[in-house]
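> Using the sequences provided together with the hints, build the complete structure.
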Amino acid sequence: MTLFEGRDLTCIRGERHVFAGLGFALADGGALLLHGPNGSGKSSLLRLMAGLLEPARGVLAWGGRPVSDDPEGHRARLRYLGHLDAVKPVLSTAENLTFWASAQGVTREGVTQQGVTQEGVTQQGVRQAGVAGALARVGLTRLADVPARLLSAGQRRRLALARLFLAPAELWLLDEPTVGLDEDSIARLQAGLADHRRGGGRVVVATHGTLDLPGADRLELTAFAPPGDAGLEPW
Amino acid sequence: MVLFFVLIASLFPLAIGPAPEVLLRIAPGVIWVTALLAVLLSLERLFLADFEDGTLELLALAPAPLSVMVLAKCLAHWLTTGLPVILAAPVIALLYGLDGGAFAPLVGAMLLGTPSLSLVGAIGAALTLGARRGGVLVPLLVLPLYVPMLIFGVLAVDAALAGQPARPHLLLLGALLLAALPLAPLAAAAALRQAVE
Chain S
27 MTLFEGRDLT CIRGERHVFA GLGFALADGG ALLLHGPNGS GKSSLLRLMA GLLEPARGVL
87 AWGGRPVSDD PEGHRARLRY LGHLDAVKPV LSTAENLTFW ASAQGVTREG VTQQGVTQEG
147 VTQQGVRQAG VAGALARVGL TRLADVPARL LSAGQRRRLA LARLFLAPAE LWLLDEPTVG
207 LDEDSIARLQ AGLADHRRGG GRVVVATHGT LDLPGADRLE LTAFAPPGDA GLEPW
Chain X
217 MVLFFVLIAS LFPLAIGPAP EVLLRIAPGV IWVTALLAVL LSLERLFLAD FEDGTLELLA
277 LAPAPLSVMV LAKCLAHWLT TGLPVILAAP VIALLYGLDG GAFAPLVGAM LLGTPSLSLV
337 GAIGAALTLG ARRGGVLVPL LVLPLYVPML IFGVLAVDAA LAGQPARPHL LLLGALLLAA
397 LPLAPLAAAA ALRQAVE
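So the protein sequences, as listed, match chains S and X.
For the first sequence, position 99 matches number 125 in the numbering used here, and the numbering has no gaps at all.
For the second sequence, position 15 matches number 231 in the numbering used here, and the numbering has no gaps at all.
Hints in this document: simulated from the structure, not taken from any laboratory.
Don't be surprised by glycine CBs; every beta carbon is placed ideally from N, CA and C.
Take the hints with a grain of salt, since some may be wrong.
Unchecked claim - Chain S stretches covered by chain X per the calculated footprint, using a threshold of three residues with CB under 8 Å from any CB of chain X:
| id | region |
| --- | --- |
| 1 | 64-78 |
| 2 | 98-107 |
| 3 | 116-130 |
Stated by the list, open to error - On the chain X side, residues computed to face chain S include the following (Cβ under 8 Å):
| id | residue |
| --- | --- |
| 4 | Leu223 |
| 5 | Leu257 |
| 6 | Glu260 |
| 7 | Thr271 |
| 8 | Leu274 |
| 9 | Ala276 |
| 10 | Leu277 |
| 11 | Ala278 |
| 12 | Pro279 |
| 13 | Asp315 |
| 14 | Ala411 |
Listed below in structure tokens is the structure:
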């Protein structure tokens, strides 16, 4: 069982201490719910876990080995969903996903490792299957060929979510995934999360909305906030 | 972009007067400076759209190295700015009365020089992402780095006009390109990682 853990993590954004001494541990199939008021560092923690941000102090480790030893490997095993949707208005819904399928390296070899391909399936075929599957998961199959500029805000968010379902990944980092989603889409997301965790994947979510994550650990970010008016740490 | 290039280059004969010796003298310089400006104008937008809609941070998280993405962006930038300028350059050269013998060194120098402009320009574009008045900062950062390309590009054409071999200058432009090809994407990728923090 490989643990994804953080020890003594400290985050400084623009000369301000966001949190200090933060620790967590996440096992296969586990879920971590980030809780805290606005500005408490939920997004910063997710970006730190993704490797976009370096901690000022502390260590992020996967299976006992620091993530900084193999940043490419860490990037390959995670999917990050931020505040922005990263949808290109000029491309169609399906074309947007196809780009990310290639960028995320959805390959025949990768999918074969999951034991799901048959003989004679081409690279492009795998990618198309991945895109079709992802669209079905978020209920956007009907809009596959529509230019993305015509999608509503909620549909764009679902397109951003669809990227998660292009290929299996070990770690999902979700920042406010339910923003703009209707009840049906939230239900689809929950089903997707359950399948992901059943397959051994783990997830870290920051959300103000209601998301049903059975057995999730809760991380209160206010517990790691600097006391009072924290001064600058001299660089 | 090509239209800008042609229009600006056409302004000089109007302003300076049609004396052929003067035009011939300034032709290489004018062609190169206006090509530089045309490339410079489009640099600010190189990464801006991706930065603003969240694509850049996802690209930074993709398995492929970010420097490879930057290289792809630079290629696209060159195809849409450098290449059209190279195709328009002989037209400008005719306008200034440059004779046929100088065409080959001119086009050769631009073929070797304009990709470097896109590559080095990407560093400036990446460094100014998210800065206020980024449009003003990019020329400030990038023009000093463009000077070698400008100097050797102009010298190549001047040499051809004087009957000297342009080869040494073209070789130097080639060396600058070979240095920029690996180094500029690495530098730009590092700057991009700073921007998406």
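> Each hint should be assessed against the structure and marked as holding or not.
To see whether the hints hold, each was checked on the structure:
1. 64-78: holds (count 4)
2. 98-107: Holds: 5 residues of the region 98-107 of chain S have a Cβ under 8 Å from chain X.
3. 116-130: Contact hint for the region 116-130 of chain S vs chain X: holds, 3 residues under 8 Å.
4. Leu223: Not OK, violated: X/Leu223 not within 8 Å of chain S, min 28 Å.
5. Leu257: This interface hint is violated because 21 Å lies over the 8 Å limit.
6. Glu260: Violated. Min distance 19 Å.
7. Thr271: At about 4 Å, which falls below the 8 Å cut-off, the nearest Cβ of chain S leaves the hint on X/Thr271 intact, so it holds.
8. Leu274: Given a least distance of 5 Å, the restraint on X/Leu274 holds.
9. Ala276: holds, 6 Å
10. Leu277: Result: holds, 5 Å to nearest chain S Cβ.
11. Ala278: Cβ of X/Ala278 sits 5 Å from chain S, so the hint holds.
12. Pro279: holds, 5 Å
13. Asp315: This hint is violated: X/Asp315 lies away from chain S, its Cβ roughly 44 Å from the closest one there, beyond 8 Å.
14. Ala411: Not OK, violated: X/Ala411 not within 8 Å of chain S, min 10 Å.
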